[in-house]
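Need the complex rebuilt from these two chains, each delivered in its own frame; the hints are there to steer you.
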Amino acid sequence: MGDQGIGKRVKRREDVRFITGRGRYTDDIGHPGQTFAVFLRSPHPRARIVGVDAGEALKLPGVVGVFTGKDLAADKIGDLPCGWLVKSRDGSDMKVPSRPPLAVERVNFVGEPYGIVLGDSLAAAQAGADAVVTDFEELEPAASLAGATTGAQIHPGIEANTCYVWELGDAAATEAAFAAAAHVTRLELVNNRLIPNAIEPRAALALYDRATEEFTLYTTSQNPHLERLILAAFVGLAPEHKLRVISPDVGGGFGSKIFVYPEETTACWAARRIGRPVKWTADRSEAFLSDHHGRDHLTRAELALDAAGVFLALRVRTRANLGAYLSTFASSVPTYLYGTLLAGQYRTPAIHVEVEAVFTNTAPVDAYRGAGRPEATYVVERLVETAARELGLDPAEIRRRNFIQPDQFPYQTPVALVYDTGDYQASLERALQRADYAGFAARRSASQARGMRRGIGLSCYIEACGLAPSQLAIQLGAGVGLYESGEVRVNPTGSVTVFTGSHSHGQGHETTLAQIVSDKLGVAFDQVEVVHGDTGRVEFGLGTYGSRSAAVGGSAVVTATEKIIAKGRKIAAHMLEAQPEDVDFEDGVFSVRASNRKLGFGEVAFAAYVPANFPEGLEPGLSEKSFYDPKNFTFPAGAHVAEVEIDPETGVVELVAFVAVDDFGEVINPMIVEGQVHGGIAQGVGQALMEHGVYDEAGQLVTGSYMDYRMPRAADLPSFIVETTVTACTHNPLGVKGCGEAGAIGSPAAVMNAVTDALGLKDLAMPASPERVWRALQSSTAERGRGTGPRSGTVEGAQAAQGSPAAARG
Amino acid sequence: MAQGGRPLKLKFTVNEVARELETAPNVLLVDILRGPLGLTGTHVGCDTSQCGACTVHLDGRAVKACTVLAGQVEGAEVTTIEGIGAPGNLHPMQAAFQDLHALQCGFCTPGMIMSAIDLVRTSERLDEPAVRAGLEGNYCRCTGYHNIVQAVLAAAAQA
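Residue numbers (the working numbering), protein chains in the order written: chain F, 93 to 902; chain V, 792 to 950.
Keep in mind the hints are simulated off the structure, nothing from the lab. Even glycine gets a Cβ: it sits at the ideal position worked out from N, Cα and C. Please note that a few of the clues may not be correct.
[Claimed, not checked] Distance windows between CB atoms, simulated: (1) R852(V) - D788(F): 34 to 44 Å; (2) G862(V) - D222(F): 21 to 31 Å; (3) N817(V) - P124(F): 50 to 60 Å; (4) K802(V) - P173(F): 49 to 59 Å; (5) L150(F) - G862(V): 27 to 37 Å; (6) P798(V) - A807(F): 57 to 67 Å; (7) R810(V) - S213(F): 19 to 29 Å; (8) V142(F) - N817(V): 29 to 39 Å; (9) P878(V) - V748(F): 49 to 59 Å; (10) T304(F) - A815(V): 52 to 62 Å; (11) P798(V) - Q870(F): 57 to 67 Å; (12) E654(F) - P878(V): 27 to 37 Å; (13) G862(V) - R101(F): 40 to 50 Å; (14) E654(F) - S840(V): 46 to 56 Å.
[Claimed, not checked] Pulled a few chain F residues facing chain V out of the computed Cβ check, cut under 8 Å: (15) G113; (16) D375; (17) F719.
Same shape as in the complex, but just chain V (with noise of 0.2 Å):
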């Protein structure tokens, strides 16, 4: 894709940090992230918006960053999977994806987090359906997904 369009400027916060950058306006928000802050923990696995690898939160809501043009994040908060904790001081979705297996290769594991823990945060009691279906935004090759449902549920029975 063409990098079209006068430069934006942006101001907003990634993990509690003040950020201004300047960026084409038809850049991705997945793209900044990974690129100009460095912050490769939040991958891309599709071009369709459909693998949810590259999970982030917004104002504390979770999205593809894939979906998300640098102009939408002017002025939001943005947390990405290393705001969330870091080793020695792990949120409790990733300590449960840890102590339950939850992951393999990795590669999905920051969205799958990322949408987990926005998922106990909107929802009022969860059982083993209710977390199958609010993933289905994320894909998972290695786990059979079977793991990744214990850990939820064991993360949110904490929460």
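This is chain F alone, in the form it adopts within the complex (with noise of 0.2 Å):
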């Protein structure tokens, strides 16, 4: 549809109002009578509560009110469930810790809610928090990871602090395949803890009114329809018809906003309660506590080859953080989004993954972007460029040996997946080709006659998103369908408002969504208006997360409209007086085939609502919807290539060059494509470079702000070369992938792939700050002095022989 349809690069319709300053945040909602809340948290990593005395905040002008869990358990409020039951591999289900929205005799994290204290202002509840006096039980926490199992246990009945210990693969096939390996490579991975860090902070706004016992929620959600089903059915707040949950513009997610938190749950109770709004903002301090983390794994991964250094079989170990409790998605992410994924782009014919998954006292870990796929490409890739290197064959090379070829899809990989379509050595070379890979020695050359040592490093990534099919999921677990919602509404005058279940904080839904419709229908660009984020007004949805949108939200929509065009038909035929089938639809157009007769889209639009001349036994109206099951996960995939000069003097990693090219199916708007690979990418890199999420053996976040979690900056980054190649998916309408994740994903293993190949290392533990890069290089010297070569050893171990635990953090 002219140059505002699917593929073009149309610019963004959300963007007016975003860079006028008329974007409408929760923060930026108010309503008359509203009282702000503060919540009471832990500043113990675990504790019993003996006692909370509110007296004197109470006395406060101001102060509304102060209520602790024990408020909330008394009015039967249930826990925050997790969404995804996980089997161990006796068969046993995962061990669930209670998690009730407020804590009622126990905290088990620095920064867990307990209370909620309520004031006619900010200032006033801030005051009313203050005046609380908290008697607490200190207990020993179980606070790293390393030492989960052996620590204090944190929950009653939940031994060794092990939620499950999951299998995937076949364990007696890779046995084998080791046992007769010429080359076995081995590595120990840490998978930083990271903090999500989306820069508008979580929020909430809940009124109730008493007459209609009807809540409204404004909040900073992925996923409103959720979150008003966990609201209803596992809180028992109220049934669904009286709650209504509005995500109004959001400040980006990354994963962090798809989950159920305990403050909005409790903002809506307590409105309830005290019959006035609630409105609560998290500050940043309180966003580094309580947003759940990411990542967070301990890996031992082994992959076995031949001689020719073809692989044979590959072994992983990982040790999983959950935090303290269960968020609602987290026991997914370290099971079906990662162990599924270790076969990469690979032909590797044994694979057998084992995960242990346990609770420590720090903060919930789930989904963020990437959500176990980045996890798993580190762990593949890391390896597969280390392979190479003890084999002196080129990285690009040993990975050509090991791609799944064109014609070998569909793919069934030996952990579950089949890969539809892909070509992954078309990625690489022209990644190669981006990255001038061939010139790289000279540039390495170049970089050490000016003291300073450079890398290359490759990534090729294969990511599963746009979860799927509802039926699966469910057998393995999930607790709710995958499926997504669309409705295309026609109106008399023949625009269209397109209702989406999927909902956009940064995506540009708004802008593609009416672009498929256009051209789908025929019908302007500008005749088309996107609707989400309100379940008031939406039907049904599971929101935005795992690159869903465009795959399973768009294909929705697609199929919206081909109902829309089937109905039309009949309506054209019988105005045309022909048969349904003999009639076409093109561009807006309604036409009998082989004649001049015809009918403009909104012709018919307004003889549906005008039925004056009309088939008999049609209702009148143009209004469809389709909730739209996907047959597969789609599975982009491509090759990142990254290059660093590293400052020997400082330990200063530059990122010089970083080329992605990219597989992601058919593409609606490049533009927003290209947007999401590198907002993808700067969050891996970051993860790579720079951020951290520390806790110290006492369990205290020790990054609990901008001034101690690095994220990347503008200088940080360079310009990246982005670019796509097209293997369509074979499975959805549209042909399309997803693209959200893959930056994040593919880009740490590039960057510290070419961090090692500078440093002459065979690991370092990301991230690779200057403190550690700068310590590595002192150690590598000293070894090098002793005469055991700059490559042997890892980087943790020659801090351990410099006595020096304080450079394991970042």
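Right, dumping it as structure tokens:
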């Protein structure tokens, strides 16, 4: 459809409000008579709540109320649930600790809320919170991931703090392949804890109408219908028809706003309790403490190869940190979104993975951009690169020897997935070309001449996104379906309102979905409006996560437009005195084949609402909806190349170039897709070089502000080279895959492969901060002095030898 | 934070409109803008003056409105994102941000645009490294800065 249909670089219509300051985020919304909430949060990683004395607080002017977990429990407010039941390898269910929205008897991480203070003003609520006296009995925490299974038991009945031990793949075949291997590459990998840090902090405004018993919750959610479902079905706040959840403009999510949190839940309850609206907005310190974190794995990984560098088997043992409680989808991240991705882009015939998921006295850990897939890619791509170095092969060549070939699709991996399509070598070759891989040696020499260390690293990732299909996922433990809804409502004058269950918090759905509908119906782009993020306007939906909005949400919209066209064809046929099967629809025109009789889409829409000349038995109106349930995951894949230069005097790593060549299938808006890749790369580079959520041994978060948790700023990054190759997804009507997470999935391994290449080290734990790099260089120089060579040993080992535990932190 | 001290009577100009209001002396400019003045385009993203989402112009220079106390704006001219352009009448920097997809969720965008306008106005010549260095006070978590840098360079070329 003209220059604003599928495949066009259409400027985003949502931008107009954002660039002029007219966006409407949750904190921008107020309501007469509203109170302000401040949460009482645990200063201890593990403690018993002996007593909460709010006497003084309640005497302060402007303090409206102080409530604790006991008040919610007395009102029978239920626990926050985990939506995915994972089974241990022995067949037993995962262990689920109780998680009331406000802690009742015990607190289990620093920042866990156990009370809420309401005030006429924020200042009054803050003063009230300061005046509450809480008596804690401190308990020994189990804060470290490495020591989780032998530390203090956090939850009653959950031994060794272990939620589940999950496995996937053929252990016997894997053992046999290792026994016969010519070479085995081994790595001990750390996937560092990340704190998501959407720039808009979480917020909520809860309203309750005593006359109708209806709640309205404005909140920073990526999936308002899921929020409503959980508040109704599990928390037991009110039935769904009495709950309206609105996610207005949302300032980034990256996964952290998928989950149902204590704060908005408690705000709703409190609004009913006090009979006034309750407003809460997190400050950044609260966000660091209480947003659910990401990653945090310890992994031992081994790759068995034959003498020619062909992969024979992969064996992976991972300990995954869940934090103190099971967040909404936490259990699925280190299992079905991780273990299933370990085949990568390769024909590795035997794979076995075992994941031990443990509780610690830290903030809950759940999906963060990529969710399991960056961790899997890091394991596979660090191993592959290391194996190439050990065998003296070009890292590009070892990948070529092992890629699944284009004629092998659909490809059944040994870890459950069936890849539908791809051409991995095409992406790699293009990426190598754009990165001038051939010219690297000369650039390295030039750097050396300036006293600098230069390295290059590859990462050929695959991801599974647009989670699917519902029935399979539910068999595997999912508590919800994985379809998406789309409704296309044609107005009498021919303009169109589209309702989607997916949610845009930066992805640009208001533009992209309008492009799709404009294209399919032949209606002008500016005649198509997209509505999302309101359970009062959109029938149902599962929201936006896992790069699903185009592949699943977009497909639902396409399916609804197909129904519109089918009905329109019947109306047009009647009006044109033809049979429906003789009526074609193209570019917004219904025409009778081999004739000059035709009707515009707008004329048919009008006839549907003013049915003067209308087919007998057909209902008036022109509005259709679809619940699209995907048949399979989509499998975006690509090749990333990072090039770094390291100053050995300071340990500072400069990312000098980054190339991403990704296969996302068909692309609806290339401009938006490139933007998604840019942002993903930045977050992946952040993980590799600077971001690290650190708890000390005592369980205190020591990276609780932007002073301590470093994220990429503009000067930390180069301009990126981003391109796409295309193999169309075979099972959705758009041929699209999913692009939201790829940048964050592929890039950490590429950057760390470049850093270790530059340093001549086998491994270095992320993030490669200046201190770590500098220490690594010092210890490798010292080791060289002792004659053991720079490539032996890991840096963590070298740090231990130096007796410097502090160096293990970023 | 408690509201202490005697109320201050303030006279200042916001987006070319004279304003008079009474406020506690320990209130921050950003809270005055977002609260009584209803100018919610200026955002709050952190509590350590590091994200830059609250950037506005104070007497023509970019400042973080979370580090300016109410008393400091007496007699001053404050310009917010709402004051530099509107739908249908965009500032060139706003237009460049849309044209080059320099925003995604939009939350950092007003602060980023206000910083960028100041950067262009106070720089003799801007190249990519200078733009990247000049935006050091503003975090963006969505765009990887790639398109922001392009947009600022494009707007600078027109200035």
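Verification of the supplied hints:
no., hint, in the structure
1, R852(V) - D788(F): 34 to 44 Å, "40 Å, holds"
2, G862(V) - D222(F): 21 to 31 Å, "24 Å, holds"
3, N817(V) - P124(F): 50 to 60 Å, "26 Å, violated"
4, K802(V) - P173(F): 49 to 59 Å, "54 Å, holds"
5, L150(F) - G862(V): 27 to 37 Å, "32 Å, holds"
6, P798(V) - A807(F): 57 to 67 Å, "42 Å, violated"
7, R810(V) - S213(F): 19 to 29 Å, "21 Å, holds"
8, V142(F) - N817(V): 29 to 39 Å, "34 Å, holds"
9, P878(V) - V748(F): 49 to 59 Å, "40 Å, violated"
10, T304(F) - A815(V): 52 to 62 Å, "38 Å, violated"
11, P798(V) - Q870(F): 57 to 67 Å, "58 Å, holds"
12, E654(F) - P878(V): 27 to 37 Å, "34 Å, holds"
13, G862(V) - R101(F): 40 to 50 Å, "48 Å, holds"
14, E654(F) - S840(V): 46 to 56 Å, "52 Å, holds"
15, G113, "2 Å, holds"
16, D375, "5 Å, holds"
17, F719, "27 Å, violated"
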